[in-house]
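Start from the sequences and build out the full structure, keeping to the hints where you can.
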Amino acid sequence: MPTNLVRYIPVALYVPLMIALYLPAYRVMVTWWGNEDYNYCYFVPLIVLYLIWEKRNTLFRVPAQPAWWGGGLLLAGLLLFWLGELGGEFYSLYLSSWFVLLGLLILHWGWEKVKIIRFPLLLIPAMFPFPNAINNPLSLKLKLMSSAIGVKFLQLSGMSAYREGNVIDLDFTRLQVVDACSGLRYLLPLILLAVLITGMVRMRWWQKIVLVASSIPLTVVVNSFRIASVGWLYPVFGPKVAEGFFHDFSGWVIFMVSLGILLGEMWLMKRWFPPPSAKIIPVLQPLSNSEGTTVPASFGRLQWLMTVTASLCLAATVALSQGVEFREKVPLKQSFSSFPEVVGQWQGKRQVMEKIYLDALDLSDYLLIDFRDSHHRQINLYVSYNESQSKGKSSHSPSSCLPGGGWVFKESGIIPVDLPGGAKLEVQRAVMEKTGQKQLSYYWFAQRGRVLHSLFELKLYAFWDALTRQRTDGALVRIITPVAADEDIIAAEQRLQGFVRQAYPLLEKYIPGKDK
Numbered sequence: 002m003p004t005n006l007v008r009y010i011p012v013a014l015y016v017p018l019m020i021a022l023y024l025p026a027y028r029v030m031v032t033w034w035g036n037e038d039y040n041y042c043y044f045v046p047l048i049v050l051y052l053i054w055e056k057r058n059t060l061f062r063v064p065a066q067p068a069w070w071g072g073g074l075l076l077a078g079l080l081l082f083w084l085g086e087l088g089g090e091f092y093s094l095y096l097s098s099w100f101v102l103l104g105l106l107i108l109h110w111g112w113e114k115v116k117i118i119r120f121p122l123l124l125i126p127a128m129f130p131f132p133n134a135i136n137n138p139l140s141l142k143l144k145l146m147s148s149a150i151g152v153k154f155l156q157l158s159g160m161s162a163y164r165e166g167n168v169i170d171l172d173f174t175r176l177q178v179v180d181a182c183s184g185l186r187y188l189l190p191l192i193l194l195a196v197l198i199t200g201m202v203r204m205r206w207w208q209k210i211v212l213v214a215s216s217i218p219l220t221v222v223v224n225s226f227r228i229a230s231v232g233w234l235y236p237v238f239g240p241k242v243a244e245g246f247f248h249d250f251s252g253w254v255i256f257m258v259s260l261g262i263l264l265g266e267m268w269l270m271k272r273w274f275p276p277p278s279a280k281i282i283p284v285l286q287p288l289s290n291s292e293g294t295t296v297p298a299s300f301g302r303l304q305w306l307m308t309v310t311a312s313l314c315l316a317a318t319v320a321l322s323q324g325v326e327f328r329e330k331v332p333l334k335q336s337f338s339s340f341p342e343v344v345g346q347w348q349g350k351r352q353v354m355e356k357i358y359l360d361a362l363d364l365s366d367y368l369l370i371d372f373r374d375s376h377h378r379q380i381n382l383y384v385s386y387n388e389s390q391s392k393g394k395s396s397h398s399p400s401s402c403l404p405g406g407g408w409v410f411k412e413s414g415i416i417p418v419d420l421p422g423g424a425k426l427e428v429q430r431a432v433m434e435k436t437g438q439k440q441l442s443y444y445w446f447a448q449r450g451r452v453l454h455s456l457f458e459l460k461l462y463a464f465w466d467a468l469t470r471q472r473t474d475g476a477l478v479r480i481i482t483p484v485a486a487d488e489d490i491i492a493a494e495q496r497l498q499g500f501v502r503q504a505y506p507l508l509e510k511y512i513p514g515k516d517k
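For the sequence shown, the working numbering begins at 2 and goes up steadily by one.
Don't read these hints as lab results, they were simulated from the structure. We put the CB at the ideal spot given by N, CA and C, even for glycine. Possibly wrong hints are sitting among the right ones.
To be verified - 30 Å max Cα-Cα, derived DSSO-like pairs, lysine-lysine:
#, residue 1, residue 2
1, Lys-153, Lys-435
2, Lys-142, Lys-153
3, Lys-334, Lys-350
4, Lys-350, Lys-510
5, Lys-142, Lys-116
Stated by the list, open to error - Derived Cβ-Cβ restraints for the label pairs, each shown as a range:
#, residue 1, residue 2, range
6, Gln-335, Gln-503, 31 to 37 Å
7, Pro-25, Pro-46, 15 to 21 Å
8, Ser-413, Glu-113, 45 to 51 Å
9, Trp-273, Phe-457, 28 to 34 Å
10, Ile-415, Tyr-358, 23 to 29 Å
Below is the structure:
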């Protein structure tokens, strides 16, 4: 077989195997690109390909020096594949594909050749949408920060304004800072542009760090000014300034202003602190035969061994992921509709969640009851249950949801609750405040017989239990009581502790445990 064709044998083997492994995840990724927060991702593959194409001549001149340590990256990528496949996290699958690609390139080319295109390779993860565990808290924090600064702008201009969570209350109307105004859709592309600038413009290393880092506060402040501008223009133009063309156009203007400030910052840094003179690097000459034509590096026995080994690893992963039965064993569960509305001295009234929240949460079952006792003290019990926490589905932490309604977490930590029979239940405790109101909350994740407290634990045990038990079901339990103005936090603490002791044995009958 001609030498030029032999070089493409690894490509012919790896491409179909990579497609078989990652095509389902990449289809989901492209649907995420339709979200306005991530529609810039469509351009990332094109940018990466263009930057690699620009380096093609230099890349061709450097001979390949295959390195076995690329196999470590390949194995790390395959481990991430199983973590994502069984643990229910698409982002792990995306990172897996990136690690596998880097591993294969280093296996066959070696680091000296790969580092020529290291910048475009490092840009590839920019097209991966964040997991919900990062995306939702990040969007929420950006909304709260932008709202708070926007209110300051309004107050400095002489307007009466105050904030409850992501709702801005003016004298004449109330403005809600929704996800579209969080600034996330400006922050991520601006960071990407800053990274592109640092990779394509000669600058000092510290200037690159400052430029990329400054894009974050810049986006927040400029987006806050946009939110404040809605309050300034609302009395003149009415609600249309917060929707439709005005809303989208103002977003475009804000992004262009941010980019202009970023470019101005780069110009000033280069003017005040000029980069050092470029070093003259000798141009590598291509390998050639006696006639002066280019000769590719020989495809030797080491390359064949690497190709076979890597192909077998990928083929085995494909076979296991598609040929072995990983269907989840969904446990039988008693419906929450039969959960008693009387718990000890507490009389409950069942509540129904709005369809918009049910569609967003995509729950298998839920329980929402407001309890009162004879002294009119209140306790709210909420339980959300997912029979499968596969890719894209997972319980949501109250710490990332409640602040959106204006509640500020003042105290938080894990405390024990004494249960009947001497057992102890560790719960996440939080004291929340909003405009003079105070609430005490307990919550925990009931996951197949375990009590967990963080989303990281949730993902880790979902992976392990999918592998060992073929189960990823689980529930979030959240219990809240208001703290009255005439009582202290100790009284509310005793109230919740007593309710948990009474309700927990009932909940165990409705949430499948370890052996169900």
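So, going through the hints one by one against the coordinates:
1. With a CA separation close to 18 Å, the supplied pair Lys-153 and Lys-435 stays within the 30 Å bound.
2. Between the alpha carbons of Lys-142 and Lys-153 the distance comes to roughly 17 Å, so the proposed pair stays at or under 30 Å and holds.
3. For the proposed pair Lys-334 and Lys-350, the alpha carbon gap of about 22 Å is at most 30 Å, so the pair holds.
4. Annotation: proposed proximity of Lys-350 to Lys-510 holds, straight-line Cα distance about 20 Å (limit 30 Å).
5. Our distance criterion of 30 Å between C-alpha atoms is broken by Lys-142 and Lys-116, whose separation comes to about 36 Å.
6. A hinted range of 31 to 37 Å is violated for the C-beta pair Gln-335 and Gln-503, which are about 18 Å apart.
7. Checking the proposed 15 to 21 Å range against Pro-25 and Pro-46 shows it holds: the Cβ atoms sit about 18 Å from each other.
8. For Ser-413 paired with Glu-113, a C-beta distance near 50 Å keeps the hint of 45 to 51 Å intact.
9. Between Trp-273 and Phe-457, the C-beta spacing of about 43 Å breaks the proposed range 28 to 34 Å.
10. Restraint check, Ile-415 to Tyr-358: a C-beta distance of roughly 27 Å satisfies the suggested window 23 to 29 Å.
Checked against the numbered hints given earlier, this structure breaks hints 5, 6, 9; the rest are met.
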